[in-house]
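Two chains, two frames, some hints: make the complex.
Going line by line, the protein sequences match chains A and B. The numbering of the first sequence is the working numbering, which starts it at 265 and goes up by one. The numbering of the second sequence is the working numbering, which starts it at 497 and goes up by one.
To be clear, the hints were calculated from the coordinates, so they are not data collected in a lab. Since we're looking at a predicted model, the values are computed, not measured. Where a beta carbon is used, it is the ideal one built from N, C-alpha and C, also for glycine.
Counterexamples of contact, computed for chain A against chain B with all Cβ distances above 12 Å:
(1) Arg700
(2) Lys717
(3) Phe745
To be clear about the criterion: a stretch of chain A counts as covered by chain B if any three or more of its residues have a C-beta under 8 Å from a C-beta of chain B, and this derived list gives those stretches:
(4) 307-316
(5) 329-341
(6) 410-424
(7) 532-543
(8) 561-572
What follows is the residue order along each chain.
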Amino acid sequence: MSINLGIPAVRTRGEGNLFAHEKFPTAAKRELKNQQLRANLRHATHTIRDKRINVVSELPDWEDLRESGSRIKENVMARLPELLEQFEAAFTARGGVIHWANDATEANAIVTSLIRATGETEVVKVKSMATQEIGLNEHLESLGINAIETDLAELIVQLGHDRPSHILVPAIHKNRTQIRDIFRAEIPNASPDLTDNPKELAATARAYLREKFLNAKVAISGANFGIAETGTLGVVESEGNGRMCLTLPETLITVMGIEKILPRWEDLGVFMQLLPRSSTGERMNPYSSLWTGKNGQDGPQNIHLVMLDNGRTRALADKNGRSALHCIRCSACMNVCPVYERTGGHAYGSTYPGPIGAILSPLLTGITAEENSSLPYASSLCGACFDACPVKINIPEILIDLRAQDVEAQHSVRKAPTEMDVLMKGASWALSSGTRLKFLEKGLPAGRLLAGKDQRISWLPGIAGGWTSSRDIPAPPQSSFRDQWAQREKFQKSQGPQLFQQSQASPKPTGKQGE
Amino acid sequence: MVGAKEDILSRVRVALQGDAPVTDIPRDYRQSGTMNQEQLIDHLTDRLVDYKAEVKVVLATDLQGAIAEFLANARSVVVPHGLDAQWIAGVADADVVTDSSEAPVPVDQLNATDAVLTSSAVSVAESGTIILDGTPTQGRRAISLVPDQHVCVVPASTIVEILPEALPRLQPSHPQTWISGPSATSDIELERVEGVHGPRRLSVIIVEDA
Ligand code: SF4
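Isolated chain B, as found in the complex (with noise of 0.2 Å):
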């Protein structure tokens, strides 16, 4: 339909025709907040709680025991090349496989998979979100997707208070998931039911530096 692009095209201009030039958008809303760096935590938690996802607040000296707490029950897991060994060296008896472009995990593996460990770019206190943006620390979008557990360490310099200071921490071009809370549907009679297609179980790890 190589003519309908111009057809449409010529048809918005015409619909255009005569109206008067555009005026500059206001941006009046809040463009950054308030709250110091305890508050973010506390905000942050207070949201993921709310979503039903579990959440631990760490020092990064205490990340590989919290790692391997949350991890206790999983039999297989798996990581996107670009995360520190040191956070999984904790985790004994699963079987950690890596994910990688080059070298991906086919998609019946992951779905035999039990649990995934991510870090994550940024975080939203307001709305309990934590983006994942595709970089080495977080991966393709299938790990964190097909397995039933996603482990997902949040760095508190991260955390954000409103959405419009996250965005411009954000690569465009990368693939993202915003995730807030666990799989959810309230499809029957608005009722919520946690855990529909994504992770069922979502564990969230907040490292405070040391």
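Chain A with its partners taken away, still in its complex shape (with noise of 0.2 Å):
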């Protein structure tokens, strides 16, 4: 038996739509200059985040859900070789089939595999993160085989060659008008006298749609949950699109992250409580199928699922990071997230945006990925995301511990010091000796004469110019705190107990009580 020194050989690192093509700061800075997103980002986040309020607040056991949900999600990692053991048994004898995927790779391949074997070009999806992570569309397209998205706003996504900025609403960043425009010049037969009205839009989109269902023979989904006692599936959604694509094609498969896993049926109670409310801000949503393997002529017939690491195991050894796989996509983090708002969801590169982003991402890559390094400072830790995660997930304090992670990772990359090194260097010289900082401190009236007339200072040399680009800087006092306290004292002194008796019998009884 070999001796296991618990620091694991291996670490896949999660790969595919992962990455940032810039880093943060960069892109954030692009997308700030766009008004029409801010304005549709505003608009929208703020009227999920309102029902969401309300629908909250009707249920008096909120609280319990949570702290069950958190909970289960904390057994479900503690306990997850034997978990998916008996979901893999259960879910193959109902007749489905489970493949491994170590990577995006992979998983990409076995799709692929699975769909060239039926002979198929053309695939119908359902809108699933864990496919979109791993770059299924754009991989599978390269290899001739057209991947529709039936989702509404993946569909709009899709049509408009852009990329998704929300997880819920993928399409959040376009208005009406844009969609419309989409759909006029991308949907064949769409009527040129196309309005912008949603319902136009939505039925222009059925319309297309429902040959594509009627006449597919395999779909791709992903899976909201995968119960380990029953080895059922469940994918959650509103407009039908799922249930066609899950219902009506010979050939279903399925891509899902290993950490989906819910131990028993009765979790249901949980989190199909916690979801919806924390998604789309509804009681319940239009739609959700379960499916447990293969049932008669109720359904496809060949199941597949394809279980997906990806740097989820690298994320589960991360002890103090691993909470963030308990993350149920509900996309309540970036509605309430003051950052997310302002930049969107581009701006974060990977397939996951907001607060859950910022930490899920750098946690599947590792936080050498140059690319992601940027993510876990794109916070103002205001903690609204923790507030409002269904889960509890305790996104802030696992972005300061992904923060300082970063800075270890780039000191021991980095050979010649940076600015910032030497800044550090010299406050810590000078403030761990009062001799030090005393010397230092006669400085001060020079930062008075710097800031000048209206005592402001608004430009400072090298990397301290990063803190004067979006700010001014008041000027110095005359003396230091230090010299103040000198002062002080030298003056009480000189008082002597006069001070001290006074100050006691300053409130001078004014007549005799109770006596």
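Right, here's the structure in full:
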């Protein structure tokens, strides 16, 4: 037997669409200039936020549900190997076939070979974060397989040759007029008189996709959960496109992250109360489908499931960050995030935007993935995401931990010290000795001179300029706190015990009470 | 990828090494409701109307008439093979076809069918959710999906108040559809539009025992 040292030899790094093409600050700066985007986002996030608060306040046991949800997920992580085995046994017993994928490349290859086996070149798809994460559509397209997104928002994004910007409403950055223009240009047979009325736009999508649904032989989906005790998979949706994909084709291929397991059937009683209320702000989403392997003539005859790691085991190994895997992708955290509201989802680069993206992406890829190292800084640490999260993921705490990991990683990589390192070294030298600090404080009046007449400093050199580029610094005081304190002591000593007595005696009794 | 499973599981085991043993899961959330049947019916009706479904509450003796009224404009109706034949007997002018696992109606024909009539397994008043579980009175999932109108009968005795009460009444191995209002989207500027891909008209009949 080999001795395990607790250090995993290989930690597969998440790949696919988990990376930003550019660092968050660069992307955010550009996105912030887009007035239309900001207006659309503000409207959308505030609408869902208000709805969420209303339906959450209807439940007297909301906090109990959150607590159970959080603890169930903790339990799942702790028992993952056994639950995965249990799920596989139950799913397989009902005629389903399971495939395991270490990373995006393997998952894409499995899905491709399953589609090829059917001889089809066009497949219909239900909205799924996992398939987006692995870049399945792009991969299939490169091999001549057309994957049609059937969720309205995903269709808008796909037809617009765009990227999703929100995990629940991926086209949140587009308004109705922009959507009308996309449909007019891209949907065959769309009426040239199509208006921007949402009803008309939805009807156009319905007509276009109906024909696809009726003829599709293969569908691809994600799953909101897989229940270990029964082998059941579930998809939660609104439009019925999910039901179409899960019911009509002959072959159904589902891609699901290994963390989506729930132990028991009764756990749905927790998660199906938490999820719809937190995501769309509805008491329940219009449609949920549950299937357990194959069932007679009801639904697809070939049922496949791809179990995906893609960095999840790496995140699991990070004991402080592990709870990011509890995420049920409700999107409540992004709807309350002041940073997301202003930058939008594209700035985060990865499939997962907003507060959860800022922790999940670097956890899946490793903080040393250069493009994702700036994500943990994309937060004001206000804590709104933690309050909103239905499974109580402490996002701010994980952000801070990842920032520390980033700083450490940077240090071990770099040889020459940075300006920040020099500054910090200097600060530590000065602050660790009273004499040194005293000496430096003699420079304060020079700062007042620099501040000029208005007593504000609006430009500093080097990295300190990062601070003054967005705000002014008030001029330093005439004397330091330490000087003022010393003065005070001196004064008190010169006044002797008098001062003490005076203050003791000050509220002089004006009469005799109680005698 | 035979090896991938072992790779993944072994990485999971290593990641978990040295952890404290798992603790019990607290379940302090509500496990049962407090409403009587009359309140349950009112509550469910309220929720369904909020979702833009049409609702009738009738006595068992009036069920046939209520069904006929909802199906007044349908030229063709599909029913699952286990449905009580009396339910559809009042619908005079429509072609009625019966679907079963042995003789499934082809999807093109379903697409040309105006309406479907089914029963339901359990309903949750608090969230306005009607659950179909693929048993013979509800049929294959395709029949309640493709036609444009779904007339769904909810026996009052199958209504519960909250979701945790509904789950023990369901068979996990049966394919299930949970329905809360007609098909809808909010993808365009968060404005709710009813009727995208599923039935655009959901007509619910809650039947009280006579
Ligand atoms: S982190 Fe929490 S709030 Fe954010 S998407 Fe995941 S479950 Fe929802």
